[in-house]
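Protein sequences, first through last, are from chains V and R. Be aware that the first sequence starts at -11, since it is given in this note's numbering, and climbs by one per residue. Be aware that the second sequence starts at 427, since it is given in this note's numbering, and climbs by one per residue.
It is worth saying that the hints were derived from the structure and are not from the lab. Careful, some of the hints might be misleading.
Below are the EDC-like pairs computed for lysine to aspartate or glutamate, each with C-alpha atoms no more than 16 Å apart in a straight line [stated by the list, open to error]: (1) V:Lys240 - R:Asp484; (2) R:Lys649 - R:Asp622; (3) R:Lys499 - V:Asp235; (4) R:Lys456 - R:Asp491; (5) R:Lys630 - R:Glu647; (6) V:Lys238 - R:Asp484; (7) R:Lys500 - R:Asp580; (8) R:Lys504 - R:Glu578; (9) V:Lys240 - R:Glu443; (10) R:Lys453 - R:Asp580; (11) V:Lys76 - R:Glu510.
Quick list of the computed label-pair ranges, beta carbon to beta carbon [said to hold, decoys possible]: (12) V:Ala111 - R:Lys539: 33 to 39 Å; (13) V:Leu188 - R:Gln557: 55 to 61 Å; (14) R:Gly643 - V:Ser231: 51 to 57 Å.
A quick note: this is a predicted structure, and the numbers were derived from the prediction, not measured. Every residue, glycine too, gets a C-beta built ideally from N, C-alpha and C.
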Amino acid sequence: MKRVITVFLNELKYSFIILNRYRINWMFGLSNLFLSVLFLNLGIKSFGNYVTENVLDLKLTQMIIGLFVFIVIAEGLNNIISKITQAKQSGVLEQIIVNPLGSKYIFVIKFFADFVIVFISIAIIIPLTMIITSKIISFNIYKLIILLIPLLFCTLGVGLILGGATLVFKKLQSATHLMQFLILTLMVIPSYPITPYSFLPITVESMAINKVFSSQISLSFGLLAFLYAHSFAYFILGLLVYSKFEDYAKTKGILGHY
Amino acid sequence: MLIVDRVSKKFNVNGKEKIAVDNVSVKIKKGETVCIVGPNGAGKTTTVKICSGFVSPDSGNVYYDSISLLNRKKYLEKISVLFEGIRSINWALTPLENMEYLSGLRGIKKNKKDIEKYIEMFELGDYKNQQCNSLSRGNQQKVAIACCLCLETDAVFMDEPTLGLDMEISHKIIKILKTYAQTNKKIFVITTHDSDFIEEIADKVLIIEKGKIMFEGSCEEFKAVQNTNTFKEAYLKYRGVL
Ligand SMILES: Nc1ncnc2c1ncn2[C@@H]1O[C@H](COP(=O)(O)OP(=O)(O)O)[C@@H](O)[C@H]1O
Ligand SMILES: [Mg+2]
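Isolated chain V (complex conformation) (with noise of 0.2 Å):
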């Protein structure tokens, strides 16, 4: 455990001195993300026109938390493809491979670290977004933070099954935009109540945070249960898969430069 967080650590303080030798790119990329929410208000607003004042603050609510899972998810997803395409280009993958850890367990690590620099730029973005939207969500941190944890963990699982895809598949990598309509279309399919799509991963712990935080659904224990059981499988199932992948890519000595 003690290793555990040596290694959480260093990966935090390298994430900011990355950042910071890098913050331009990082500025670029928030203001690219501000301006498209600029727009999307704009859309919504002059859609608003036509519908009831009710209907127009649901959707601006729905849009704020909207935006806040999808960078989660996003950048989650991002962060470990990318993690390992860099690793890969650089040679620190194969570093990673014969860590005595285990690589998954490197990921997940670096996973948890960098969500400590994408909470810095949501807490820029959305209070940004509120003042813009003139919309402000009050919200209950606690709830925030146990709807949080299913999914990051889901958002982990998937991104280790696609991290591990792209160690044995080297093209994966040039997919990565497609990424984000996967995301968007797995956030928007009804998951609720429990349907056949509620088992696909990400799209019942987006639309847990929708729901519950724009107040069209109460958090119930059921509810709950099935997040955490949901979230929990596919993060083993990730894992599962990742190394699986990875035996996979040992056997072939496909890992890495070749």
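Following the hints, put chain R with the ligands in place on chain V, whose structure we already have.
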């Protein structure tokens, strides 16, 4: 002691099976430096990758002090590896940061003094705070080797550590590694085409061809068998080109 026990590895190349490592067995004692020599495609890199847990063998096993390669967590604790050609460092970081980062990645917290020791050893003092992507290839390679050594594992594998470097840098790296090997009782396994390297550093030479060990012995023995003065001549004579 490192024991490589009847290790074999085949690859599938365009539907055809190709034997990369063929029933290789060798025992390496603590404090020994072994150089693996052989023509391109002989299976040197694959051997190193198997011993460092990067490629799985089809059959056979590797042990470090009776810890099996299959007991990955314990086994990998004992070894560090420098891969061929690539410099396993983070380009966005400086040499100092790289050493701290890569140790940290294995859960080892290094203090500044420890790291400075390696900076000094590799004469990287002038560049220690410069991002690695702006260093020369030779200095990048020094950083990669320093990162590998600063993990302070019992066994160190290096795949062609002087590949593509100029004579001067190669010479320096050889000297540094020689001093290091003499003062630290470790196992070094180095693949190389550099005959100076072998003459300077090898306690034992393994010559491999088509995945098989063809000779195992000291550099002196090999020269005596071939009846030549230098390793280079002996090797070329053995290969039938001299
Ligand atoms: N991942 C791989 N897939 C297919 N063939 C491989 C792979 N890795 C190595 N080989 C083949 O195995 C043989 C040994 O390669 P290698 O160990 O790299 O040799 P060396 O390092 O001695 O030059 C070569 O014929 C090479 O083409
Ligand atoms: Mg090689």
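These are the hints, each one checked on the structure:
1. Distance check on the hinted pair: Lys240 of chain V and Asp484 of chain R sit about 10 Å apart at the alpha-carbon level, within 16 Å; holds.
2. A hinted pair counts as satisfied when its Cα atoms are at most 16 Å apart, and Lys649 of chain R with Asp622 of chain R qualifies at roughly 14 Å.
3. Restraint check for Lys499 of chain R and Asp235 of chain V: satisfied, since their Cα atoms lie roughly 15 Å apart, inside the 16 Å limit.
4. A C-alpha spacing of about 10 Å is found between Lys456 of chain R and Asp491 of chain R, which places the hinted pair at or below 16 Å, so the restraint holds.
5. Between Lys630 of chain R and Glu647 of chain R, the direct Cα distance comes to roughly 9 Å. Compliance with the 16 Å bound is thereby established for this hinted pair.
6. A hinted pair counts as satisfied when its Cα atoms are at most 16 Å apart, and Lys238 of chain V with Asp484 of chain R qualifies at roughly 11 Å.
7. In summary, the hint linking Lys500 of chain R to Asp580 of chain R is supported, as the alpha carbons are separated by about 12 Å, within the 16 Å threshold.
8. Of the supplied pair hints, the one linking Lys504 of chain R and Glu578 of chain R holds, its CA atoms being roughly 9 Å apart against a limit of 16 Å.
9. Restraint check for Lys240 of chain V and Glu443 of chain R: the C-alpha separation of about 12 Å stays at or below 16 Å, so the hint holds.
10. For a cut-off of 16 Å, the pair hint linking Lys453 of chain R to Asp580 of chain R stands: about 15 Å separates their Cα positions.
11. At roughly 14 Å between alpha-carbon atoms, Lys76 of chain V and Glu510 of chain R fall within 16 Å of each other, so this suggested pair holds.
12. Checked against the hint of 33 to 39 Å, the C-beta distance between Ala111 of chain V and Lys539 of chain R comes to roughly 37 Å, which is consistent with it.
13. At about 43 Å, the beta-carbon gap between Leu188 of chain V and Gln557 of chain R misses the expected band of 55 to 61 Å.
14. Evaluation of the 51 to 57 Å hint for Gly643 of chain R and Ser231 of chain V yields a failure: the beta carbon distance comes to about 41 Å.
Of the numbered hints given earlier, the model fails hints 13 and 14; all others are met.
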